[in-house]
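Novice: Here's the letter readout for the chains.
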Amino acid sequence: MTNSMNDIRHSRCIFMIGSNAAEAHPVSLQHILYAKEVNGAPLIVVDPRFTKLAAKATEYVRIRPGTDTAFLMGLINYIIENDWHDKEFIRTRVAGFEEMRKVAAHYTPEVVEEITGVPKDQLARVAKLLATHRPGTVIWCMGITQHHIGSSNTRACCILQLVLGNMGVSGGGTNIFRGHDNVQGATDVCVLSHSLPAYYGLKEGSWKHWCKVWGVDFEWIKGRFHSKEYVHKKGFTLARWYEGVIQEDKITQYTPIRAVVFWGCASNSQSQYHKLKKALDKLDLVVIIDPFPTTTAAMCEKDNVYLLPSTSQYETEGSVTSSSRQAQWRYKVVDPLYESKTDYEIMEEFVKRFGFADKFYKNIKKVPEDVTREIARGALTIGLCGWLPERIKKHTDNWHTFDVDTLQAKGGPCDGEYYGLPWPCWTETHPGTPILYDISKPVTKGGLPFRARFGTEYTYPDGRKESLLAAPGVANPGSEVMGGYPEFPGWKTDINVIREALKRGMAPFGNGRARCYCWNFPDPVPVHREPLHSPRPDLIKKYPTYPDKPDHYRVYTRFASEQKPELVKEFPLILITGRMVEHMGGGAETRSNKYLAELAPEMYAEVNVKVANDHGIREGDYMWIESPEGGRIKVKAKITDRVDERTIFLPFHFGGYFMGKSFAGNYPEELVPYALGEPANIVTNYGYDIITQIQGTKEGLCRIKKA
Amino acid sequence: MARMKFLCDIERCIACNGCVVACKEGHQLPVGVNRRRVVIINEGKPGERSISIACMHCSDAPCIAVCPVGAIYQREDGIVLVNKDICIGCGYCFMACPFGAPQFPRGNAFGARGAMDKCTFCAGGPAPTFSEKERRLYGQNRIAEGKVPLCAGMCSTKALLAGDSAVIADIFRERVARRGSGIAWGWSKAYKE
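Here the protein sequences come in this chain order: P and H. Counting in the numbering used here, the first sequence runs from 1 upward without gaps. Counting in the numbering used here, the second sequence runs from 1 upward without gaps.
Because the hints were derived from the structure by calculation, they are not lab data. Just so you know, nobody snuck in bad clues.
Here are the simulated DSS-like pairs of lysine-lysine, each with C-alpha atoms no more than 25 Å apart in a straight line:
(1) P:K120 - H:K45
(2) P:K359 - P:K228
(3) P:K634 - P:K610
(4) H:K45 - P:K638
(5) P:K564 - P:K705
(6) P:K365 - P:K212
(7) P:K610 - H:K45
(8) P:K661 - P:K302
(9) P:K359 - P:K208
(10) P:K234 - P:K278
(11) P:K228 - P:K492
(12) P:K636 - H:K45
A quick note: this is a predicted structure, and the numbers were derived from the prediction, not measured.
Next up, chain H with everything else stripped away, as it sits in the complex:
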């Protein structure tokens, strides 16, 4: 069974936010709900890097461990989903998540889409696949259609990779090998303090 993972290649990410907008448009998310976001560090300085972050679909997900009502569950392929019919919006998952993935829609019920919302890896939710309820509560189910998540599909530089972790690892390993360290093995490396 495949283990689904995201990987953001920081040598490639240019902080264009294409992934963020693709996700929001594709799932018709309310403004303020960020299933995915791009973080820039050292902005404007040498060494500036950016990375696209969403739910990492952890193998041992802290959100599942702390959920008091058992609303969060993991599929066989590793995708972590929330059942919005059960979720009470307490925010324990928000405290436990190292990545700030859980989102809490504001406003009234119209468009609010339940208590807690997060990245679904474009795999819909517990409602029947392709049902109106699934679309309304969780958004598209592209995994069931055999497509990669919207964010990775949109990525302008192929920085954001999504899918079976074994395949992703192969792609990334090849890239890293091809790039090399950028520095020849010489004085600076051999005798670095």
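Isolated chain P, as found in the complex:
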């Protein structure tokens, strides 16, 4: 999120695509509806499904799943064609506009209507709303990211905001709603396979930086790996790890995976779940660390599972990061119940038994404060340097002194600081950065230019040369250089460089331009590519997917070879998944709450009345849903106009059933969740993003029949 939840109160237009915040982020609606009511901001909701959020929209756009980039590029093109783009912003702070414009020109209202199903008049109306209501915010969630072109979708959203000049201003920004805290925190410390904490990557310099922070020898770390190659090799991802076990797609690792640890992670949120289950039954060891015996535990039919009961968030403490990049201290409310242990204790027990406690705890004498301190010492890239436990606690303890509109404290012990010290919080005295890329404030007071991440100049394929630094005259107030400047050498590993930059009123990472043309991506400018399993075979030739990627996070990942035009004949319906407000994630916690289970006791599929009648299915009937990959689930039909005549919607929170069979008997006695059901992800399709490998759960195909 470049801005904050609260800052949406200043928006004059709210554009939400691939987000059902009314169910997934209900509290955010407080700010969204405030802007709608007080500012008269139009609320534009783009979604294949008429969601509870769409019910609050002033303009609802029903879009075919998997065509977001086409729609967004269509908006961009229409805005430019009508001369509504922010020319001064583009001239001074944007790169690659001309190259992007040429690509966008393809997406005329007629072409967009053909691809997305959105009437061309509606596209024009939405574009005009965006152009005439500035600043506007663009909000998205997993409806945008979980596609094989998810990375293009997200970039198209960003380009839309650049073209409108909505970046770096209050009420604008690209605002991606993350899950409950600590989802953003987990991302920031990179609980991912391709990077060290704080987005440092896996290069030698990155390892050396963190080894210095941890106080351990890099050679020792290297020695823990299979070979030198693996020190720098991206690992498996959450979406595809099970291929490392079952190897239906070829893997590029010296050994298959033998053990897996689920630490607060729901396996039923991963696509093609029936394949993941195969892996669970093949592994030597499955460890589940969770307050609840999860669906994962019930699914294992081999005697290979260990359950380590951990505490809930109320029985432990530490810092967490919100969607708006704000830190908050979460205090312990009660002592751990029964035999559960805190995550810190469980980690400590492991570390001791593995025999490297001396190295692991070199800088950590007091948990969790010293852990927070270590993160602050190492995470220079995103400026967590100022996130000391004392400061975070001070903010939490004095939250009432902060203004709900600006997030800034007026008086009191945190005077002038922004709530939760939104990162980057460069130093121990920095107030936090409430809005990213805002050049109206000095850097020391929470301002920031665009990062000069990709050098100072670039030559495009047509020979055009362009500076990648901001135009002369454009910089934060108080900057020693009034115009673009490159990054300060060494800022990512030396806090003194950061201090020096701030002393000169400048951003450590330079003052660059935001790129519309990313030469390091397979599609430098986002273009539409038909979903792998497309309901429109006639469009595949014109908008094909990528070639297969043989080593994509250690596993062969099919693109072109998986895009079969004839598939839709057998699997004629589009399958999408999403959330319901009563349950969260894999549902281990919420389905074990009797009141939430009472409100949402059963798994179901949303079916349009026409589809239901065509298949002889009546409200409440059981039906089978089958995926091209051989997954099938038996669920009740909910007949509703939320979905259109070609789409089936499934909530993904359920577990405890598997392809028609109950696994309730596999839970420990008296710990069976109140609400059980088929995991939707048994029928979600093959398909992964070309860059991130996120699963494409919002663009599959399926077929249904009465059970």
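Fit chain H to the known structure of chain P by using the hints.
Specialist: Relative to chain P, chain H alone:
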């Protein structure tokens, strides 16, 4: 004297059921007893609206009028309560109530909490304030603690308002004025058939 009322702002309610769960958790209600519920109309269609409904604490409450044993009474501040020591669970109030507020717990005495149960506006009941008996039969008494009812306190979008009707009316009036009609005074309004 304040007149206690609920008001659900349907432009704000997003049917998140937070009010329902807050009520149940806070008063430890048995499953099946819904002091409050969220109703959605026109689900999935343009014009979809939702509203959170509980006992409306009517000024001229039909349940009081029909109760054959005089178990239901109204406090000075308008909150309608039931005396579970007197209630016989006949269901006359259920017939008379336009909102389906009275609830009839099932099962045995353990956890059943008397014959009829309904929203107390978080004001406990006739048993001594903050007593164990009050908590067991009626739930929390937040009004006596100077707090708003749990449902309104929990509401994620501030749609559900609860308290002195004069104050609630002010808040709602301000919101409505700020919103406007959404349509400028023009052809469509001036010459609408």
